[in-house]
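Peer 1: Sequence:
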Amino acid sequence: MMRLQTYTCLSLVAMLAVIYHAFDRRGQFYPAMVYLSTSKISLLLVLNMGLVFTCILWQITKRIFLGSLREAEVERLNEQSWREVMEILFAITIFRQDFSVSFLGTVTAPLLIKALHWLAQKRVEYIETTPSVPMFSHVRIVSFLGFLLLLDFLFLSSSIKVLIQTREASVSLFFAFEYKILATTIVSTFIKYCFYVSDMLMEGQWEKKPVYTFYLEHIRDLLHLSMYLCFFLVIFMNYGVPLDLIRELYETFRNFKICVADYLRYRKIASNMNDRFPDATPEELASNDATCIICREEMTTAKKLVCGHLFHVHCLRSWLERQHTCPTCRALVVPPENKTSSSGGQHGPWSDAQGQVETGSGTNSARQGSGGGDMATDNLTRHQVRLQAAATAASIYERSYVYPSANTLVWSPGYVVLPKTHESLSESTKVESSGPSTSIREQFAIPGGQANMSFPQLLIVLLFLFNHLLLM
Numbered sequence: 001m002m003r004l005q006t007y008t009c010l011s012l013v014a015m016l017a018v019i020y021h022a023f024d025r026r027g028q029f030y031p032a033m034v035y036l037s038t039s040k041i042s043l044l045l046v047l048n049m050g051l052v053f054t055c056i057l058w059q060i061t062k063r064i065f066l067g068s069l070r071e072a073e074v075e076r077l078n079e080q081s082w083r084e085v086m087e088i089l090f091a092i093t094i095f096r097q098d099f100s101v102s103f104l105g106t107v108t109a110p111l112l113i114k115a116l117h118w119l120a121q122k123r124v125e126y127i128e129t130t131p132s133v134p135m136f137s138h139v140r141i142v143s144f145l146g147f148l149l150l151l152d153f154l155f156l157s158s159s160i161k162v163l164i165q166t167r168e169a170s171v172s173l174f175f176a177f178e179y180k181i182l183a184t185t186i187v188s189t190f191i192k193y194c195f196y197v198s199d200m201l202m203e204g205q206w207e208k209k210p211v212y213t214f215y216l217e218h219i220r221d222l223l224h225l226s227m228y229l230c231f232f233l234v235i236f237m238n239y240g241v242p243l244d245l246i247r248e249l250y251e252t253f254r255n256f257k258i259c260v261a262d263y264l265r266y267r268k269i270a271s272n273m274n275d276r277f278p279d280a281t282p283e284e285l286a287s288n289d290a291t292c293i294i295c296r297e298e299m300t301t302a303k304k305l306v307c308g309h310l311f312h313v314h315c316l317r318s319w320l321e322r323q324h325t326c327p328t329c330r331a332l333v334v335p336p337e338n339k340t341s342s343s344g345g346q347h348g349p350w351s352d353a354q355g356q357v358e359t360g361s362g363t364n365s366a367r368q369g370s371g372g373g374d375m376a377t378d379n380l381t382r383h384q385v386r387l388q389a390a391a392t393a394a395s396i397y398e399r400s401y402v403y404p405s406a407n408t409l410v411w412s413p414g415y416v417v418l419p420k421t422h423e424s425l426s427e428s429t430k431v432e433s434s435g436p437s438t439s440i441r442e443q444f445a446i447p448g449g450q451a452n453m454s455f456p457q458l459l460i461v462l463l464f465l466f467n468h469l470l471l472m
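Residue 14 in UniProt numbering is what sits at position 14 of the sequence shown, and the numbering runs on without skipping anything.
Worth flagging that the hints you see were computed from the coordinates, not collected in a lab.
Note that beta-carbon positions come from the ideal geometry of N, C-alpha and C, so glycine has one too.
Do not rely on the hints blindly, as some may be mistaken.
Straight-line C-alpha distance at most 16 Å; calculated EDC-like pairs for lysine to aspartate or glutamate [to be verified]:
id	residue 1	residue 2
1	K209	E128
2	K304	D289
3	K304	D279
Ranges of calculated distance between the beta carbons of each label pair, as one might list FRET restraints [stated by the list, open to error]:
id	residue 1	residue 2	range
4	I56	R25	26 to 36 Å
5	L16	V162	33 to 43 Å
6	V260	V74	32 to 42 Å
7	L222	S198	41 to 51 Å
8	S170	Q205	47 to 57 Å
9	L89	A270	45 to 55 Å
10	L149	N255	15 to 25 Å
11	C230	L149	20 to 30 Å
Kindly generate the complete structure, drawing on both the sequences and the hints.
Peer 2: The structure is reproduced here in structure tokens:
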């Protein structure tokens, strides 16, 4: 905040100096305005001051409706803003729009409005997970959601009006699509908040809330997917392949596919819950903890899972809408049908090594039964068999995919790491490792992560980028 205040003061001083210089050189109002609009340096400083006023207005809106931001909200704002700036800049190159002051304002407005939408979603999630929320917070979040919905409709109608006047697929089509997505998102967030308030008024006893939330997310993802497909086809027919939409289209399709798969799996499990999960007997309730781990209330009747844990029927149903594992032990609620027994279907290097040990033990017992050899020789032979089995298992693990060899590079998303080689226990290897070869095994890192930039810094970067394009 202090950096923004300092930048605002410097921008104000620079703009006042330029205005004084214009009136000092021209002497009259109209020539001074012509000078300010035609001089590149003057226009740059005026646009900079306009962006500062926009940031101040955004800060005032945030302070009125949200107050101070939490750490999770600031983190999401910084993560999403940089990606959104790059997507908007990449998207406007498709339409070949002329660069102007109005175009700069049209590009900056969606970014600031999207940032407010991200904060609204995070604040609703925080309210849903907070036990006691004051009434003033509820009033502010409802007013904030209504304010954002009004902004979405105003900018959407403005973009549609431009499309009707020009009757061509311009950059207004992109912004109209963005505001449609934002409007549907804020409506779904408001409905989800209404579900939370209804459940709170029922003192947490509304059993249908997870089901309705489940359907709401499905409908929202389906609407987003249909709008992305329509916009993709329109841009493809007029301008070619919109590369900036491929990621959003893929993520929306993947989320919708995951939701449909989870819903089908849930319907399959919930259709015969009474037959699949037996009722717990009074003896089982008395012997186990009679507190449901999901709702933290006492159980008089409960359902018993395969793993043996007990839960309420409605709590288990709501849990299965999100997860398909036991809340206590994380075991699968429905085990795989093609699961083989560990005794007959064991595979891997441990089974091979165990087979070799058993073979060696059988050979030793045969030797003892036939000749009754020396006990020391028998112990030595058994020890050798164990060493051979361990060496075989180690060689199999060394060739496996889980443990790469020492000379391979291990890649991570942001770093490339050279793994350390295994040191031998012999004195000669210790002497060699203390030489110059130790520098080869040192880890080195190549940074490749995302830039950690705050939201005001991104706005400043956006401004200087536009100013550079203006001066070209």
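Peer 1: Checking against the hints above, which ones are violated?
Peer 2: The structure breaks only hint 7.
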